[in-house]
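Undergrad: Listed in order, the protein sequences are those of chains A and B.
Residue 429 is where the first sequence ends in my numbering, and the numbering goes up by one at each step.
Residue 336 is where the second sequence ends in my numbering, and the numbering goes up by one at each step.
It is worth saying that the hints were derived from the structure and are not from the lab.
Certain hints may be false.
Simulated crosslink set (DSBU-like; lysine-lysine; CA at most 35 Å straight-line) [said to hold, decoys possible]:
| id | chain 1 | residue 1 | chain 2 | residue 2 |
| --- | --- | --- | --- | --- |
| 1 | A | Lys168 | A | Lys220 |
| 2 | B | Lys167 | A | Lys128 |
| 3 | B | Lys181 | A | Lys247 |
| 4 | A | Lys189 | A | Lys128 |
| 5 | B | Lys67 | A | Lys144 |
| 6 | A | Lys56 | A | Lys68 |
| 7 | B | Lys67 | A | Lys247 |
| 8 | B | Lys67 | A | Lys286 |
| 9 | B | Lys181 | A | Lys407 |
| 10 | A | Lys176 | A | Lys236 |
| 11 | A | Lys292 | B | Lys67 |
| 12 | B | Lys181 | A | Lys241 |
| 13 | A | Lys344 | A | Lys56 |
| 14 | A | Lys407 | A | Lys305 |
| 15 | A | Lys81 | B | Lys167 |
| 16 | A | Lys227 | B | Lys67 |
| 17 | B | Lys67 | A | Lys220 |
Here chain B is said to cover these stretches of chain A; the calculated rule only asks that three of the stretch's residues, wherever they fall, bring their Cβ under 8 Å from a Cβ of chain B [unchecked claim]:
| id | stretch |
| --- | --- |
| 18 | 200-206 |
| 19 | 249-262 |
| 20 | 389-399 |
A few chain B positions that, by computed beta-carbon distances, are all more than 10 Å from chain A [what the hints assert, rightly or not]:
| id | residue |
| --- | --- |
| 21 | Phe86 |
| 22 | Gly146 |
| 23 | Arg151 |
| 24 | Val164 |
| 25 | Thr243 |
Nothing here was measured: the structure is a model prediction, and the numbers come from that model.
Think of the CB as a built atom: it goes at the ideal place given N, C-alpha and C, for glycine as much as any other residue.
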Amino acid sequence: MRNTFSKYAAPLATASVLALALSACGGGSSSGGGGGGDAGSQNLDGRGPITYVQGKDNSNVVRPLVDKWNAAHPNEQVTFKEQSDQADQQHDDLVQHFQAQDANYDVVDVDVIWTAEFAAKGWLQPLKDKLSFDTSAMLPATVKTATYNGTLYAAPQTSDGGLLYYRKDLVPNPPKTWDEMMSMCSIAKQNNISCYAGQFAQYEGLTVNAAEAINTWGGKIVDDSGKAVVNSPESKAGLGKLVDAFKSGNIAQQAITYQEEQSRQAFENGQLLFLRNWPYVYNLAKTDGSSKVKDTFGIAPLPGKSGPGASSLGGHNVAMSVYSKHKATALDFMKFMTSAETEKFYATQGSLAPVLSNLYSDADLTAKLPYLPTLLTSIQNAVPRPVTPFYPAVTKAVEDNAYAALKGDKSVDQALSDMQSALQAAGAK
Amino acid sequence: MSTEVPARTQAKAASTSRHQMPGRESADRKQVTQGRWASVLLAPTLILLAVVIIYPVVNAIIMSFQKDAGLDTATGFFVQGGAAGFDNYAHWIAQQCNGVACPPGTLGSQFWGAMSTTFFFAIVTVALETVLGFWMAIIMARTFRGRSIVRAAVLVPWAIPTAVTAKLWFFIFAFEGIANKLFGQQILWTGSEWPARWAIIISDVWKTTPFMALLILAGLQLIPDEVYEAAKVDGASAWQRFTQITLPLVRPALMVAILFRMLDALRMFDLPYIMTQGGNNTTTLSILVVDQIRQGFNSAAALSTITFLVIFIVAFIFVRFLGANAVGAATSSGKK
Numbered sequence: 001m002r003n004t005f006s007k008y009a010a011p012l013a014t015a016s017v018l019a020l021a022l023s024a025c026g027g028g029s030s031s032g033g034g035g036g037g038d039a040g041s042q043n044l045d046g047r048g049p050i051t052y053v054q055g056k057d058n059s060n061v062v063r064p065l066v067d068k069w070n071a072a073h074p075n076e077q078v079t080f081k082e083q084s085d086q087a088d089q090q091h092d093d094l095v096q097h098f099q100a101q102d103a104n105y106d107v108v109d110v111d112v113i114w115t116a117e118f119a120a121k122g123w124l125q126p127l128k129d130k131l132s133f134d135t136s137a138m139l140p141a142t143v144k145t146a147t148y149n150g151t152l153y154a155a156p157q158t159s160d161g162g163l164l165y166y167r168k169d170l171v172p173n174p175p176k177t178w179d180e181m182m183s184m185c186s187i188a189k190q191n192n193i194s195c196y197a198g199q200f201a202q203y204e205g206l207t208v209n210a211a212e213a214i215n216t217w218g219g220k221i222v223d224d225s226g227k228a229v230v231n232s233p234e235s236k237a238g239l240g241k242l243v244d245a246f247k248s249g250n251i252a253q254q255a256i257t258y259q260e261e262q263s264r265q266a267f268e269n270g271q272l273l274f275l276r277n278w279p280y281v282y283n284l285a286k287t288d289g290s291s292k293v294k295d296t297f298g299i300a301p302l303p304g305k306s307g308p309g310a311s312s313l314g315g316h317n318v319a320m321s322v323y324s325k326h327k328a329t330a331l332d333f334m335k336f337m338t339s340a341e342t343e344k345f346y347a348t349q350g351s352l353a354p355v356l357s358n359l360y361s362d363a364d365l366t367a368k369l370p371y372l373p374t375l376l377t378s379i380q381n382a383v384p385r386p387v388t389p390f391y392p393a394v395t396k397a398v399e400d401n402a403y404a405a406l407k408g409d410k411s412v413d414q415a416l417s418d419m420q421s422a423l424q425a426a427g428a429k
Numbered sequence: 001m002s003t004e005v006p007a008r009t010q011a012k013a014a015s016t017s018r019h020q021m022p023g024r025e026s027a028d029r030k031q032v033t034q035g036r037w038a039s040v041l042l043a044p045t046l047i048l049l050a051v052v053i054i055y056p057v058v059n060a061i062i063m064s065f066q067k068d069a070g071l072d073t074a075t076g077f078f079v080q081g082g083a084a085g086f087d088n089y090a091h092w093i094a095q096q097c098n099g100v101a102c103p104p105g106t107l108g109s110q111f112w113g114a115m116s117t118t119f120f121f122a123i124v125t126v127a128l129e130t131v132l133g134f135w136m137a138i139i140m141a142r143t144f145r146g147r148s149i150v151r152a153a154v155l156v157p158w159a160i161p162t163a164v165t166a167k168l169w170f171f172i173f174a175f176e177g178i179a180n181k182l183f184g185q186q187i188l189w190t191g192s193e194w195p196a197r198w199a200i201i202i203s204d205v206w207k208t209t210p211f212m213a214l215l216i217l218a219g220l221q222l223i224p225d226e227v228y229e230a231a232k233v234d235g236a237s238a239w240q241r242f243t244q245i246t247l248p249l250v251r252p253a254l255m256v257a258i259l260f261r262m263l264d265a266l267r268m269f270d271l272p273y274i275m276t277q278g279g280n281n282t283t284t285l286s287i288l289v290v291d292q293i294r295q296g297f298n299s300a301a302a303l304s305t306i307t308f309l310v311i312f313i314v315a316f317i318f319v320r321f322l323g324a325n326a327v328g329a330a331t332s333s334g335k336k
């Protein structure tokens, strides 16, 4: 005989155990917030051993640099902590250690899009007064990614910008403007290939491409004070160009599924006349065994409204934790990691573009990375992706609505007005 | 099967108390010491469970009633949010973002969509997996040459990590991928809603049918051959043997298998996340939770609590009304 209690309790218990075991993913550790407090004014003169934190050092650039530093600074040794090679995991690892106020994460490598978030959380040491950092030799757009509310919170370390890859066998002179490029699409048609592609799948790459279109036509996603200002005639013109190209077939329908790699493959297979992509494609398209365009492609700055387009920026900044006990050493190490010599090593060893403008004309470097002069034009005209502490929500707002517009599910007007409301809901108001 | 165990235990308890009538006092003492021993021995397990399961869940529930840190526009720094009441829950369920309906392009606007997507995936994949798994189990239950090879081969998709499977199918369903080449189609599998959903369903069925098949196979092998022989003698057709013998007798194992798969499917994450990043209305509740964690922990805690409740209700319905007795089935088959 079972009583009513066990009649319900047994299934209830079983169900809850199953549900718990299967759904106990939890919500992460307790919320961030107020941040550093006084930590920002402490240990400014501290010297001693520090730790440098960065994602996986795949091309073996950081280790030799750290060894070099350690040989010269026996009392201020740097320990290199290597994170995973996944950007999301690196981000979460940094958040966890900052929340725990870990004094052992002295100097950290941050993606350009995380810098504002970490600064607003109060985790990054402002680089001013005693710890001021000279950025005058660096490309202005890269410095902008490291600046939040008028204060520098990090030092630009590496950069990246979009390039236009084109088939020089079919188009002897690359287009300077978007409209010129669209007028060349008849050549693609004659050769039975697609005209233009970028990255239009629903992911971060679409934010990059949509932001480029919007910025090139003079629009902005958020303004300097962090307010959403995307619903403007300029943005409409910019996003409209991409939408029109999809409608007219100048961007092939399958490009809606392209991320960096698929678009690169299409270009290397000879199926694309023009491709917007990052510099990494250059070496692969030249050397890949399967590349059919090895000797027939060229590079140019992104085409814009009347001159070069406004590329989005990639790259990383190096920053100091407010919880560090040895900030004087940390600052020296940051200077070392962004010095001309280090930047050169980054470029030759890791193919990472420098942030110092004079290196772009350095003979050694241009011999090794022939795309550098073109990339310089790109970065000189670049506009950073929105510098906002709400970046994950901002990119979501841009990406979802731009995607709907590109697919034709929404008019450009509707997409921009939804984007504006979503940005405001995200906190950019 | 579910009534069998308690009945047996009760009978045992009754018999022991009858036997020990005379020395009742010492028996009581013995029982008390035994009880104490039991709790001492169980303590480490309970403490471990408390630390790894109960603490995070309770903590998540507490967090879900706090506001996410907000930006103080004057200083540009984040400040702690304070108590939120049921705001975080209202944010999801009523899709309210700061007092207005969440505009498209926010996570809040995707809650009900994600809920129906999750259930759609769960119901369709589990239904397909049950039918295909049953069929595979029946084949594997037969004796034939190379049976062990077939059994091992069937397990391969299940043994591959889901993330790898997802990447594999991602390439298969690429525009220039094998799926389109093979059928001479030009479908944008990951570029529009229904193809994307079917791509995910196909991959999930491919991956988890073996799990289903093995659980059902275990159930099939518990059915004694004599039952079938008797039915044959009585002139039952193959179809009758299937519906009258196989189905009812395999039902407990089948229900447990469906329950497990259902709960598993309701928290589906890796396949859609890698194949479509949640694009084209393939965002499941778990994807929404992970995306929200990057935007604010407390709101994510509310969402994971909602997800937990949903899974709990489904599990309860299965256990209480459909008789999927996971624990009972395990113990009774253990005894046999």
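Undergrad: With reference to the structure, classify each hint as holding or not holding.
TA: Tested hints:
Proximity of A/Lys168 to A/Lys220 is assessed by CA-CA distance (about 33 Å); at most 35 Å being required, the pair is judged to hold. Distance restraint check for B/Lys167 and A/Lys128: the Cα-Cα separation of roughly 46 Å exceeds the 35 Å cut-off, and the hinted pair is therefore not satisfied. For the proposed pair B/Lys181 and A/Lys247, the alpha carbon gap of about 25 Å is at most 35 Å, so the pair holds. Restraint check: the Cα-Cα separation between A/Lys189 and A/Lys128 comes to about 56 Å, which exceeds 35 Å; the hinted pair is violated.
Proximity of B/Lys67 to A/Lys144 is assessed by CA-CA distance (about 31 Å); at most 35 Å being required, the pair is judged to hold. Of the pairs offered as hints, the one joining A/Lys56 and A/Lys68 holds, with about 19 Å between alpha carbons and a cut-off of 35 Å not exceeded. Between the alpha carbons of B/Lys67 and A/Lys247 the distance comes to roughly 44 Å, so the proposed pair goes past 35 Å and is violated. A distance of roughly 52 Å separates the Cα atoms of B/Lys67 and A/Lys286; the hinted pair therefore is violated under the 35 Å criterion.
Restraint check: the Cα-Cα separation between B/Lys181 and A/Lys407 comes to about 24 Å, which is no more than 35 Å; the hinted pair holds. At roughly 21 Å between alpha-carbon atoms, A/Lys176 and A/Lys236 fall within 35 Å of each other, so this suggested pair holds. In summary, the hint linking A/Lys292 to B/Lys67 is not supported, as the alpha carbons are separated by about 55 Å, beyond the 35 Å threshold. For the proposed pair B/Lys181 and A/Lys241, the alpha carbon gap of about 32 Å is at most 35 Å, so the pair holds.
Our distance criterion of 35 Å between C-alpha atoms is met by A/Lys344 and A/Lys56, whose separation comes to about 20 Å. The hinted pair formed by A/Lys407 and A/Lys305 meets the criterion: a straight-line CA distance of about 23 Å does not exceed 35 Å. Between the alpha carbons of A/Lys81 and B/Lys167 the distance comes to roughly 29 Å, so the proposed pair stays at or under 35 Å and holds. Between A/Lys227 and B/Lys67 the CA atoms are separated by roughly 22 Å; this keeps the pair inside 35 Å, and the hint holds.
Pair hint B/Lys67 plus A/Lys220 holds up; C-alpha atoms about 30 Å apart against a cutoff of 35 Å. For the stretch 200-206 of chain A, the stated coverage by chain B is satisfied: 3 residues place a CB nearer than 8 Å to a CB of that chain, which reaches the threshold of 3. Against chain B, the stretch 249-262 of chain A contributes 5 residues with a C-beta closer than 8 Å to a partner C-beta. That satisfies the three-residue criterion, and the hint holds. Note: the stretch 389-399 of chain A has 8 residues with beta-carbon separation from chain B under 8 Å; the three-residue rule is met and the coverage holds.
For B/Phe86, the non-interface assignment is confirmed: its Cβ lies about 16 Å from the closest Cβ of chain A, beyond the 10 Å cut-off. Residue-level check passed: B/Gly146 sits 36 Å from the nearest beta carbon of chain A, beyond 10 Å. Interface exclusion of B/Arg151 from chain A stands, the closest Cβ pair being 27 Å apart, more than 10 Å. Residue-level check passed: B/Val164 sits 15 Å from the nearest beta carbon of chain A, beyond 10 Å.
Under the 10 Å C-beta cut-off, the non-interface status given to B/Thr243 relative to chain A holds; the minimum distance is some 28 Å.
Violated hints for the displayed structure, listed by number in ascending order: 2, 4, 7, 8, 11.
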